[in-house]
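Visitor: Let's have the full structure, built from the sequences with the hints guiding it.
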Amino acid sequence: GAVVSQHPSRVICKSGTSVKIECRSLDFQATTMFWYRQFPKQSLMLMATSNEGSKATYEQGVEKDKFLINHASLTLSTLTVTSAHPEDSSFYICSASRDPQETQYFGPGTRLLVL
Amino acid sequence: AQSVTQLDSQVPVFEEAPVELRCNYSSSVSVYLFWYVQYPNQGLQLLLKYLSGSTLVKGINGFEAEFNKSQTSFHLRKPSVHISDTAEYFCALNTGFQKLVFGTGTRLLVSP
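Protein chains in written order, with the numbering used here: chain A, 525 to 639; chain B, 10 to 121.
Since the hints were derived computationally from the structure, they do not count as laboratory data.
A couple of the hints might just be wrong.
[Said to hold, decoys possible] Here are some of the chain A residues that sit facing chain B, going by a computed Cβ distance under 8 Å:
id, residue
1, Q566
2, Y582
3, P632
[Stated by the list, open to error] Here are the computed lysine to aspartate or glutamate pairs in the EDC-like style, where the Cα-Cα straight-line distance is at most 20 Å:
id, chain 1, residue 1, chain 2, residue 2
4, A, K565, A, D589
5, A, K565, A, D612
6, B, K58, B, E73
7, A, K590, A, E611
8, A, K538, A, E611
9, B, K108, A, D623
10, A, K588, A, D612
11, B, K108, A, E583
12, B, K108, A, E611
13, B, K67, B, D94
14, B, K58, A, E583
15, A, K538, A, D589
16, B, K58, B, E24
17, B, K78, B, E29
18, B, K67, B, E29
19, A, K565, B, D17
20, A, K544, A, D623
21, A, K565, B, E97
22, A, K538, A, D551
23, A, K544, A, E587
24, B, K108, A, E576
C-beta atoms are modelled at their ideal positions from N, C-alpha and C, and glycine is treated no differently.
Guide: As structure tokens, then:
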């Protein structure tokens, strides 16, 4: 149990367009979801924490208007990269947990390439 | 601020040999420590975690880790590795209420 999926797994887009990434908990209800970004050969960096039905909490230095996060249901959170630029190219990973004391379960990641 | 250091970016080892993946952390407060594994094209999977109690923690797939507060380390070990253990391994610490800080990862390469 505790499977998290992400869609798409890979996306290529033109500079200036917006891209939406979905994160789903397939077999459990996730009260909290997390979005991470990973650059090549670097750590996973937490971007934001989202709780179902409330606004996401962004980490320092993450642009809220650039990375829109929606956690509309207990099984789905979306990350929208607005007006994407080449520097937004990265690997984006989500995770989900059932309650605040629970382990985080990670999705397989989405590789974004902005041309 | 808290941080996690994984000194080895890559560790090559032969099958059935023992392995140790090193992890050191920095924190001014008590920490929870985790090891995650990432197989190609898959999500991160929890191997083991240290929350409190015994400093020797056993996890899945025959892995174990020892929390050493004086050396601020949480090294991951396995006495005999398999080809299937080839993956990326991440050490992470919890800064409070599930915020995870990750190390840069260590790629374990097991060859026949």
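Visitor: Is the hinted pair A:K565 and A:D612 satisfied, with a Cα-Cα distance of at most 20 Å?
Guide: At roughly 16 Å apart (the allowed maximum being 20 Å), A:D612 and A:K565 satisfy the hint.
Visitor: Quickly compare the C-alpha distance for B:K78 and B:E29 to 20 Å and report which way the hint goes.
Guide: Roughly 18 Å between the alpha carbons, so the hint for B:K78 and B:E29 holds.
Visitor: Under the criterion that the straight-line Cα-Cα distance not exceed 20 Å, is the pair B:K67, B:E29 satisfied?
Guide: holds, 14 Å
Visitor: Please work out if A:K538 and A:E611 have their alpha carbons no farther apart than 20 Å.
Guide: Answer holds: A:K538 to A:E611 is near 12 Å, not above 20 Å.
Visitor: Taking the closest Cβ pair, is A:Q566 under 8 Å from chain B?
Guide: holds, 6 Å
Visitor: Does the alpha-carbon distance linking A:K565 and A:D589 stay inside the 20 Å limit?
Guide: violated, 27 Å
Visitor: Is the interface hint satisfied for A:P632? The criterion is a beta-carbon contact with chain B at less than 8 Å.
Guide: holds, 5 Å
Visitor: Regarding the pair B:K108 and A:E583, is the alpha-carbon distance no greater than 20 Å?
Guide: Holds. B:K108 to A:E583 sits at ~10 Å (cutoff 20 Å).
Visitor: Given the proposed pairing of A:K565 with B:D17, does the C-alpha separation stay at or below 20 Å?
Guide: holds, 12 Å
Visitor: At a threshold of 8 Å, is the proposed contact between A:Y582 and chain B supported by beta-carbon distances?
Guide: violated, 12 Å
Visitor: Can the restraint linking B:K108 and A:D623 be considered satisfied, given a maximum Cα separation of 20 Å?
Guide: holds, 13 Å
Visitor: Given the proposed pairing of A:K538 with A:D589, does the C-alpha separation stay at or below 20 Å?
Guide: holds, 19 Å
Hint compliance for this structure: hints 2, 4, 12, 14, 16, 20, 22 are not met, and every other hint is.
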